[in-house]
Amino acid sequence: MTIIESDNRHAETTRKALTYFKELADSLDGWDFASETSGVKLYKKTVEGQALPIVRGDIILSGKDYTLSQVAAVATQPGCRKIWDEKFDVAEVKEAFTFRETLFWSKLKTPWPMSPRDLSGTAIRDVADDAVYVSMTSVEDADIPEIYGNVRATLYVSGWKLSPVPEGVAVTYVTQIDIAGSIPSSFLASIQQQIPLCAGKVVDYVETHGYPPYLLDCTAVYEEEQFNHDAKEYTLILKGGQADAVATLDISSRLYPNGINVDIEGGAAHKIEDGENGAKVLTIHNIEGAATVKVTSA
Numbered sequence: 001m002t003i004i005e006s007d008n009r010h011a012e013t014t015r016k017a018l019t020y021f022k023e024l025a026d027s028l029d030g031w032d033f034a035s036e037t038s039g040v041k042l043y044k045k046t047v048e049g050q051a052l053p054i055v056r057g058d059i060i061l062s063g064k065d066y067t068l069s070q071v072a073a074v075a076t077q078p079g080c081r082k083i084w085d086e087k088f089d090v091a092e093v094k095e096a097f098t099f100r101e102t103l104f105w106s107k108l109k110t111p112w113p114m115s116p117r118d119l120s121g122t123a124i125r126d127v128a129d130d131a132v133y134v135s136m137t138s139v140e141d142a143d144i145p146e147i148y149g150n151v152r153a154t155l156y157v158s159g160w161k162l163s164p165v166p167e168g169v170a171v172t173y174v175t176q177i178d179i180a181g182s183i184p185s186s187f188l189a190s191i192q193q194q195i196p197l198c199a200g201k202v203v204d205y206v207e208t209h210g211y212p213p214y215l216l217d218c219t220a221v222y223e224e225e226q227f228n229h230d231a232k233e234y235t236l237i238l239k240g241g242q243a244d245a246v247a248t249l250d251i252s253s254r255l256y257p258n259g260i261n262v263d264i265e266g267g268a269a270h271k272i273e274d275g276e277n278g279a280k281v282l283t284i285h286n287i288e289g290a291a292t293v294k295v296t297s298a
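For the record, in the sequence shown the residue sitting at position 244 is 244 according to full-length UniProt numbering, with numbers rising by one throughout.
Treat the hints as calculated values from the structure; they're not laboratory data.
As the structure is a computational prediction, the values presented were derived from the model and not from experiment.
We put the CB at the ideal spot given by N, CA and C, even for glycine.
Take the hints with a grain of salt, since some may be wrong.
Calculated lysine-lysine pairs in the BS3-like style (CA-CA distance at most 25 Å, straight line) [stated by the list, open to error]:
{"#": "1", "residue 1": "Lys64", "residue 2": "Lys44"}
{"#": "2", "residue 1": "Lys41", "residue 2": "Lys94"}
{"#": "3", "residue 1": "Lys87", "residue 2": "Lys44"}
{"#": "4", "residue 1": "Lys107", "residue 2": "Lys64"}
{"#": "5", "residue 1": "Lys22", "residue 2": "Lys64"}
{"#": "6", "residue 1": "Lys82", "residue 2": "Lys294"}
{"#": "7", "residue 1": "Lys22", "residue 2": "Lys109"}
{"#": "8", "residue 1": "Lys294", "residue 2": "Lys239"}
{"#": "9", "residue 1": "Lys44", "residue 2": "Lys94"}
{"#": "10", "residue 1": "Lys45", "residue 2": "Lys22"}
{"#": "11", "residue 1": "Lys107", "residue 2": "Lys87"}
{"#": "12", "residue 1": "Lys45", "residue 2": "Lys16"}
{"#": "13", "residue 1": "Lys107", "residue 2": "Lys82"}
{"#": "14", "residue 1": "Lys87", "residue 2": "Lys232"}
{"#": "15", "residue 1": "Lys87", "residue 2": "Lys64"}
{"#": "16", "residue 1": "Lys109", "residue 2": "Lys82"}
Label pairs and their in silico Cβ distance ranges [claimed, not checked]:
{"#": "17", "residue 1": "Ala243", "residue 2": "Gly181", "range": "48 to 54 Å"}
{"#": "18", "residue 1": "Ala243", "residue 2": "Met114", "range": "48 to 54 Å"}
{"#": "19", "residue 1": "Glu146", "residue 2": "Glu288", "range": "38 to 44 Å"}
{"#": "20", "residue 1": "Pro111", "residue 2": "Glu23", "range": "19 to 25 Å"}
{"#": "21", "residue 1": "Ile147", "residue 2": "Pro184", "range": "30 to 36 Å"}
{"#": "22", "residue 1": "Asp143", "residue 2": "Gly49", "range": "30 to 36 Å"}
{"#": "23", "residue 1": "Ser190", "residue 2": "Gly267", "range": "45 to 51 Å"}
{"#": "24", "residue 1": "Leu28", "residue 2": "Asn8", "range": "30 to 36 Å"}
{"#": "25", "residue 1": "Pro257", "residue 2": "Thr19", "range": "36 to 42 Å"}
{"#": "26", "residue 1": "Gly241", "residue 2": "Asp143", "range": "32 to 38 Å"}
{"#": "27", "residue 1": "Ala243", "residue 2": "Ile183", "range": "49 to 55 Å"}
{"#": "28", "residue 1": "Ile147", "residue 2": "Gly267", "range": "48 to 54 Å"}
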């Protein structure tokens, strides 16, 4: 497995959560099968001393049209999540430790009269040919104070595992979250059911739309990225970093069937080359200082 090393202030917590997530996702030992809905196998795991179970959804994306990282991009990009997760409201990257490890804030929708729930957490991506893991967990950080009117939820563990199987890509989604405060039992039951079903919603998104632009590699200083699904607009903010720094992006031919336009503000150049399965590879190079890259449909 490959993670980018970092000695940031949350590195230890983030990596412990990643290890725990891998233990949960790599085996069905201790998981109780609950049901199968819309092709998603639902499981629960009870943890001694904890009131809320861990929930899990497993599904297979059929075919060989998409890579593990392409599916992971759909699972983790907030602009995509607004489409496949009806309870997701907004997310912001507060600090990028690397292009695969971030500090984030996110907000969840709740029905009236419940107060909105929000989260302060870290996310990390572990990428290899035989599996891609994306792990998220709550952290306390001075840069993300509690917000009046919101209730701060706790994400004990959450993550995605993507792995190759003969039929295609196996998708596993695991989450244990305490949304805190006074919660109607009907809403809590709905949450416990809907969370693992998101695995199927990710597969639906991939099959319908493809995947958003995402970074294959980045030796420049990564600041942030945004994706607007409706406009099919992707924005990446970089700084130069080391000499000859580059950023390489994977572009979906299904999302952009007529190709892309690339606009760059700041000092940088770009080139577009053919990738696999009809995809394009966009390389940003000659980066001098700050550069904002915008990708839109041609």
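Going through the hints against the structure:
For the given pair, Lys64 sits about 29 Å from Lys44 by alpha-carbon distance, which is inconsistent with the 25 Å threshold. Between Lys41 and Lys94 the alpha-carbon distance is near 34 Å, which puts this suggested pair outside the 25 Å criterion. The straight-line distance between the Cα atoms of Lys87 and Lys44 is roughly 20 Å, inside the 25 Å bound, and the hint therefore holds. Distance hint between Lys107 and Lys64 is unfulfilled; the C-alpha atoms sit about 34 Å from each other, more than 25 Å.
Proposed proximity of Lys22 and Lys64 is supported: the alpha carbons are some 24 Å apart, at most 25 Å. The suggested pairing of Lys82 with Lys294 holds, with an alpha-carbon distance near 20 Å, which does not exceed 25 Å. Proximity of Lys22 to Lys109 is assessed by CA-CA distance (about 28 Å); at most 25 Å being required, the pair is judged violated. Simply put, Lys294 and Lys239 have alpha-carbon atoms about 15 Å apart, close enough for the 25 Å limit, and the pair holds.
About 32 Å separates the Cα atoms of Lys44 and Lys94, which puts this hinted pair outside 25 Å; it is violated. Taking the CA atoms of Lys45 and Lys22, the gap is about 15 Å. The hint holds against a cut of 25 Å. Between Lys107 and Lys87 the CA atoms are separated by roughly 9 Å; this keeps the pair inside 25 Å, and the hint holds. Annotation: proposed proximity of Lys45 to Lys16 holds, straight-line Cα distance about 19 Å (limit 25 Å).
Annotation: proposed proximity of Lys107 to Lys82 holds, straight-line Cα distance about 11 Å (limit 25 Å). Only pairs whose Cα atoms come within 25 Å are accepted, and Lys87 paired with Lys232 is accepted, the gap being roughly 21 Å. The straight-line distance between the Cα atoms of Lys87 and Lys64 is roughly 30 Å, outside the 25 Å bound, and the hint therefore fails. At most 25 Å may separate the alpha-carbon atoms for a hinted pair to count; Lys109 and Lys82 meet this at roughly 11 Å.
At about 51 Å, the beta-carbon gap between Ala243 and Gly181 stays in the expected band of 48 to 54 Å. Separation of Ala243 from Met114 is about 52 Å and conforms to the stated range, judged on CB atoms against 48 to 54 Å. In this structure the hint that Glu146 and Glu288 lie 38 to 44 Å apart at CB holds, the actual value being about 40 Å. One distance hint, 19 to 25 Å for the beta-carbon pair Pro111 and Glu23, is violated here, with the actual separation near 34 Å.
Here the CB-CB span from Ile147 to Pro184 is close to 22 Å, at odds with the stated 30 to 36 Å. Checking the proposed 30 to 36 Å range against Asp143 and Gly49 shows it holds: the Cβ atoms sit about 31 Å from each other. A C-beta distance of roughly 50 Å is found between Ser190 and Gly267, which places it inside the suggested range of 45 to 51 Å. In this structure, Leu28 and Asn8 meet the distance hint of 30 to 36 Å, their C-beta atoms being roughly 33 Å apart.
At roughly 40 Å, the beta-carbon separation of Pro257 and Thr19 lies within the given 36 to 42 Å, and the hint holds. The given range of 32 to 38 Å is broken by Gly241 and Asp143, whose C-beta atoms sit roughly 22 Å from each other. Evaluation of the 49 to 55 Å hint for Ala243 and Ile183 yields a pass: the beta carbon distance comes to about 53 Å. Checked against the hint of 48 to 54 Å, the pair Ile147 and Gly267 fails, with Cβ atoms roughly 37 Å apart.
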